[in-house]
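Participant: Each chain, written out:
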Amino acid sequence: MTPAAGLPPPPTAADRLGAVTPGAVADWLGAVTPGAVADWLGAVSLVAGALLSLAAAIGVLRFPDALTRMHAATKPQVLGVLLLLLGVALRLRSPADLGMIALVGVLQLATAPVAAQMIGRAAYRSGRLDRKLLDADELAEH
Amino acid sequence: MTGAGPITTSPNGPERGVRGRMRRWRDQLIALGWLVLVWNLLWGEFSWGNLLGGLLVAIAVLLFFPLPPVTFGGRLRLRGLLAFGVRFVVELIRASAHVARIAVQPGYIPRSAIIAARLRIPTDLNLALTAEALSLVPGTLIVEVDRDAGMLYVHVLDVHRPSDLDAAREQVRVLERRIIAAVGSTAEVRRMRSGPVDKESP
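Listed in order, the protein sequences are those of chains A and B. Here the first sequence is numbered in the working numbering, starting from 510 and rising by one per residue. Here the second sequence is numbered in the working numbering, starting from 2 and rising by one per residue.
Treat each hint with caution, since some may be false.
As the list claims (entries may be wrong) - Now the in silico label distances, taken between C-beta atoms and shown as ranges:
hint: 1; chain 1: B; residue 1: R191; chain 2: A; residue 2: G636; range: 41 to 49 Å
hint: 2; chain 1: A; residue 1: G544; chain 2: B; residue 2: D147; range: 50 to 58 Å
hint: 3; chain 1: B; residue 1: A168; chain 2: A; residue 2: G636; range: 25 to 33 Å
hint: 4; chain 1: B; residue 1: T187; chain 2: A; residue 2: K641; range: 22 to 30 Å
hint: 5; chain 1: B; residue 1: V90; chain 2: A; residue 2: D574; range: 24 to 32 Å
hint: 6; chain 1: B; residue 1: L30; chain 2: A; residue 2: K641; range: 52 to 60 Å
hint: 7; chain 1: B; residue 1: A98; chain 2: A; residue 2: A533; range: 37 to 45 Å
hint: 8; chain 1: B; residue 1: G34; chain 2: A; residue 2: A533; range: 48 to 56 Å
hint: 9; chain 1: A; residue 1: V556; chain 2: B; residue 2: V90; range: 16 to 24 Å
hint: 10; chain 1: B; residue 1: R95; chain 2: A; residue 2: I567; range: 17 to 25 Å
In case anyone wonders, no lab produced these hints; they're calculated from the structure. These numbers come from a predicted model, not from an experiment. Quick reminder that beta carbons are idealized off the backbone N, C-alpha and C, glycines included.
Please build the complete structure, drawing on both the sequences and the hints.
Facilitator: Below is the structure:
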């Protein structure tokens, strides 16, 4: 069976390289709009935020007592949420959404430490901490 | 550990007279403005209806849930605020990376410690701001606050050697200095500069 005469030959490697003409490069560069860059940065932020939130969850699970767990629930968790918000903001880019996102971020920053302190204090007062893992306790001397 | 310095101010004594009342009114107005702004942001658009609704809600909130009189006696310094913001972001990333790393490190059980840190400017506002920032930035968490003594009890994660405790104390002091440099009053900034040399940290 012979190949149909009307079909072009399959592209070779040389053909594909030849396709990178100055015009194609210009097209490609033209596709790198600020919007595309924002989309990519947003995607990176979303993945980073998700990874940090995952690490925070692992920390809450693995750390030995309530006080150490609250560390995981504040630092990587807050940064994770902020990165997720940044990613969403870079994808949405509309003023109404940006206002709401900023509000979520500020409230998160303001409330997470307070919640952690309340839980930490309750844990300390009810003695739910592993004293074997505590190198110093200047609150007990108080 | 010894105290860092004498406390000379009376923290937040309520002000009397016309000036005190003016101040209260100013604080209430600022709170009103913020609440209206939040209300509009929550609805997602600024409109006359939202402005009016926000005003009604804000007045109701301020009437039924009055704030304790924590007045803002300092002034905002742009350079201090910028410096604080940049350092805050850098340290938030560092602290998060650190906690995330020891969270996933197999077989690692972090040791910790609770230290006492005395603030040099024991006003309510400074106490609250420093406590908030401390919970987020270095590897620390507030366990207890002694408001009368201006004392913060701080839980430090991942302690290896005694010098780590001194480093944590120094971090608290640096953070407090940065906050005062950003929002403190002129007198507080001066007190911070001329404050006694720290005896606890080398």
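Participant: Take the hints in turn and mark each one as holding or not.
Facilitator: Evaluated hints:
Our hint of 41 to 49 Å for R191(B) and G636(A) holds, since their Cβ atoms are close to 43 Å apart. Taking 50 to 58 Å as the suggested C-beta distance range, the pair G544(A) and D147(B) conforms, at roughly 52 Å. For A168(B) and G636(A), the Cβ-Cβ distance of about 28 Å falls inside the hinted range of 25 to 33 Å, so the restraint holds. For the pair T187(B) and K641(A), the supplied restraint of 22 to 30 Å is violated, since their beta-carbon distance comes to about 48 Å.
Between V90(B) and D574(A) the beta carbon distance is about 29 Å. The supplied range of 24 to 32 Å therefore holds. In this structure, L30(B) and K641(A) meet the distance hint of 52 to 60 Å, their C-beta atoms being roughly 53 Å apart. A hinted range of 37 to 45 Å holds for the C-beta pair A98(B) and A533(A), which are about 40 Å apart. The hinted range of 48 to 56 Å is satisfied by G34(B) and A533(A), whose Cβ atoms lie roughly 55 Å apart.
Between V556(A) and V90(B) the C-beta distance comes to about 19 Å, which sits within the given range of 16 to 24 Å. For R95(B) and I567(A), the hinted distance range of 17 to 25 Å is satisfied, since their beta carbons lie about 19 Å from each other.
When the structure is compared with the earlier hints, a violation turns up for hint 4 alone.
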